[in-house]
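A.B. asks: The lines below spell out each chain.
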Amino acid sequence: MTELTSLPQFPWLSLLVVLPLAGALLCLMHRKRPADCRALSLATSLAVFGVALYLFICHGQGEGRWLLYEDVSWIERYGARYVLALDGIALLMVLLTSFMQVSAVLLAWRVERHVSSFFALLLLLEAGLMGIFLAYDLVLFYLFWEVALIPMFFLISVWGGANRRQAALKFFLYTLVGSFFMLIAIIALYQIHGAQSGVYSFVIGDLLQTQLTAAQEGWLFAGFMAAFIVKSPLVPFHTWLTDALTESPAAGSLDLTGLLLKTGIYGLIRVAFPLFPNATESFLPILAVFALVGLFHAAWSAYHQDDIKRLLAYSSISHLGLVVLGLAAWQLTAWEGSILLMVTHGITTGALFVLVALIQERTGTRSMKELGGLWGQTPCLGFLFLLFSLASLGLPGLANFAGEILVLLGTFQQHPFWAVIALLGVVFAAAYMLRLVQGVLWGPVYKERSLPDLTLREWIILLPMAILIVWMGVYPEPFLAPMHGTVASLLAGGLP
Amino acid sequence: MMIPFGHALAFAAALFVLGLTCVLLRRQVIMILVGVEIMLNAASLVFVAASAYWQQADGQVFVIILMAITAAEVAVALAMVVYLWRRKRSLVADVFNGMRG
Amino acid sequence: MNESLLFLIPLLPLCCAVINMVFGMRLPRLFAEVLAVTGVAGAFVLTLLFWGYAEGEGTRAVLFTWLNSGSVDISFALNFDRLAAPMTLMVTGVASLIHLYAVGYMHEEEDYARFFSLLNLFVFAMLAIILADNLLVLFLGWEGVGLCSYGLIGFWYRKLENAKAGVKAFLVTRVGDVFLAIALLWLFAITGTLSISEINAQATSISPSVVIAVSLLLLLGACGKSAQLPLMTWLADAMAGPTPVSALIHAATMVTAGVYLLCRLFPLVSLSPVAMTAITAIGALTAIYAATCALAQREIKRVLAYSTMSQVGYMFMAVGAGSVAGAMFHLLTHAFFKAVLFMAAGCVIHLAGEENDIFKMGGLTRRGPVELFWVFLAGAVCLAGLPLTGGFFSKDGILLALFTHPDPFYRVFWLIGVITALLTAFYTFRLVYLVFAGEYRGVGHPHALPLLMRWPLWPLAFIGLLGGLLNLPAFVGGSETLHHWYDNLAGRRVIASHEVEWMLILLAVAIAAVGWFAAHWRYRIYRAPQANALSRFLLNGWYADTIVDRLFVRPFAAMGRFCSSGCDRTLFDGTLNGLAKMATGWSSLIVQMTTGRLTTYLSAFAWGFLVLLGWFLLKLVSGGGH
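Protein chains in written order, with this note's numbering: chain E, 1 to 496; chain H, 1001 to 1101; chain W, 2001 to 2626.
Among the hints, erroneous ones may be present.
Each computed DSS-like pair below joins lysine-lysine, with the alpha-carbon atoms no more than 25 Å apart [what the hints assert, rightly or not]:
1. W/LYS2159 / E/LYS447
2. E/LYS369 / E/LYS447
3. E/LYS369 / W/LYS2159
4. E/LYS447 / W/LYS2164
5. E/LYS369 / W/LYS2164
6. W/LYS2360 / W/LYS2159
What the hints contain is simulated information worked out from the structure, not anything from laboratory work.
Take these sequences, add in the hints, and give me the full structure.
C.D. replies: Following this line, the structure appears as structure tokens:
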């Protein structure tokens, strides 16, 4: 289990978690100097991105199960160890997280109130997210799960939109209830395993060997699923997301949609499926039904929205429904498509949220009734908006299509009916996305106002994302390569 | 001759109940304190009776300590009563309900 | 020469598109225009240069791996074979001429960079469809043309109707794309590959019911792009775009993509008679539907749009009858004469002062350059199928294939084709007379016609007229060049006796003549149109739009309202808020216990003490009882 790597000594994974924490603390210490805080957080997030990129380049060709593994004894008395593990999927998630975080920091550059706290919370969020993706011990996993929750709550409730208090509270309580059930399940699993084998441990690798009766497995699986279903989110447990995304500040939306949602699905892959293979097998069809219902329900709801941010929130739910469907198909191509789709969805929807924030800054409104004709006023912004919208609706040659077609190709081989239904959802995606583009970019200009086009900072945020989505649409191989080994072994024996 | 232990206990009990009644039924803070005093005295009586019954001095020693404690407690309590009077110019216990809800 | 150089054919327009997109507004206008034209003309020249590669089995070139995951291994590959080569040549050639025309047409447009980059991007996507070696690259081009069509139809986005027309085009074709995608997934699941040549090779080993199902799905996919029933409502509204767009996309290229798809997968599709009949049926029904609608249209471009729909229906009929060569022949000649008609229509609209309504035109022979009339007439006679024109031979080839089909049911389709030909001649000459004959009825000021809007029409008109030479039937002395070129890809060899052939030719001539005379009798002298129920019915496309709106669009929007307001807000949020209210309700009940009053607490003490005392006593008594 402790497969050491080519760099045995240097704790790269801990670095990924500790760097943002350190940055957050330093930010808090520089209350009076907002400019310093901004520079510091940018430096920190760039450093984390650098580390992630380095790891990606070094370990991009994923061989074997673990690329990197750190194991330190932590709470010996209760068998909780500090275990961080990196495999192909986690590598992609880590890379996505660090990339989006740089964009988030740049996006948040113009925050005025309580600057140091804002950036500290952003960095803390990053630390939490990194921990979730890397942790391989259940206590550590749960710890980081909650750590990621708290900064998000504050970001929404202090810097958010008009309805922020309620949205933040709803978000917090909803996800907390879910994780509460997960906590119970963790402790129960720990007890059962300890009673059976005599070794009390929280490390997932050890817990895999637990023999569970069907009833036990079912209940424990349900406990974990409670947390992941809410976080994913699956309809009908999604209403927290629409409010949270609509009310959160720009950088917060970026993190929320790009990353926090992925933790739910990642939890499925990393924790729930491997630990409870039999329960998973029986649950997959139900999961597929949830996913498809979510796909359509969210697409329909998106079509009805006037608030562009809310529309994008629903589109997120719809896309993630497709991701979960790919997972439910339990097929290699479908899984790789799902994970790729997760990554590309993070970028495309993140970019769209960035653009929405820019539009809101310029025009002061988010309602499609008051927008329109923006292409003429801000052509570059309009072009990027169109580009990312097309990527989001799955135009071939752009990012989301690669993931979607892999999901569909894979799902069709196992469950053709699911794939056909999911394809119908593709038309729906076109419907609401085109409605969005039309409401914002085309049509007569709503109000003659002179709007500045993209500034340098905004170009720096959006241009790499644009290049990435074209790259990933045309040549996704570097992003698929790390996954092959991991996904194959996950599907084969449920061994991560 | 010895007073039967039972008599002493009964008397102490009656005194305790009277004190409790005073605490529960009186509205005035000072009267509540008086009731508390009576209950304390009843407790001391039990100690004295017990000491007489078992012919050990411990009980009586404890009664002296109890008297000292009572005196200290009364001093603090009456100081607070003065403060309460200054706050609301009334010593009805129900008036002080700031901790409601 | 290395076969990878073949990739230059589609990549050249793509590069020019990207350069125009990024730098177009910063470059001098002439530079951007020249770049755009060069992109397409260069592709044309390259196609000619590489023509040799297409002979024999064709040439396959692979660029790099696109998707590689598990059993999926798809690369960007193109297949330049005998079916693709003439189509490529036609697309690039016609596109070059249309680009020249567009330079003239859009010379007052400020947003030229976006226009020309979209046009070039469109050509790239179309070439991707034509040259694709596997279905996924074809799908890429398929969606790409849909995107460019959306962008170009809605090019003048300030008018919301244009944007809406673009959206309609995109959505309706997307519905077709869903069926194509299902076929794609199914084919992959069965054959393990998406390569077109391998699928065609494995076609005979696929079970018949699956073949029927897949073919029908492919048919529906083709219907979307080719604007056939039931996915045809977008084409008429697509005329909101600039005329070069209509000429390129909705006459010559995108609408023929469906036909091309079926021809490409002909070895698979032709295995199932059911599917073939379905293809023919849809082609026939669309042909006659569109012809009837064209009879009543008032706008010049809408007439041409319905006419395109009808002619593409003919192409579908040809494929269904088994004659790929016939379908492609008609496709090629139609591209030429329809492009000419559209471009000339653009000139006509200019001359009538941006007026679209043909009832407000007339006498345009005198208002504009005289050659315009001749060019328009050239296209019109080809469309009507007057003898010896390109359109005549291609249409006749299709009717012959239908007539001589082994299945006698195909005579019904042949009959529909004949009736449609009659209607075609009628509405074509109706158009010619209303636009050019008599006195000018409108009030517009003629705008000047740039040279570039006139010159490109001539080559196309000539090729349209002489297009018959491409595949001249043997019995009139021709060499059937096209059929021989396609060789084994040409589908069923149409064999008919000389009597049948001559009889059909005479019938065709008679029909064209009857149609012309009928139009002459009715429209040579202008009479004001009477709007009766029938003409309104035909004008609105048999109210297809209304049907689609009632059946699909409104329920969709209603479902949207239901999901978001009904479910989300009322049901889910309502449940959550209800739970929250319950919790606060309970807590307000319990809170009543903390009164803040000393006496309450003291009583609580006393009672608690009593309960405890009682409990201890009980324990004592029961414990002592043992």
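A.B. asks: For each hint, tell me whether it holds in the structure or not.
C.D. replies: Comparing the hints with the structure gives:
1. W/LYS2159 / E/LYS447: Status holds; Cα separation ~15 Å.
2. E/LYS369 / E/LYS447: With a Cα-Cα distance of about 11 Å, the restraint between E/LYS369 and E/LYS447 holds, given a limit of 25 Å.
3. E/LYS369 / W/LYS2159: holds (16 Å)
4. E/LYS447 / W/LYS2164: Status holds; Cα separation ~20 Å.
5. E/LYS369 / W/LYS2164: Holds, at about 16 Å.
6. W/LYS2360 / W/LYS2159: holds (23 Å)
In this structure, every one of the numbered hints holds.
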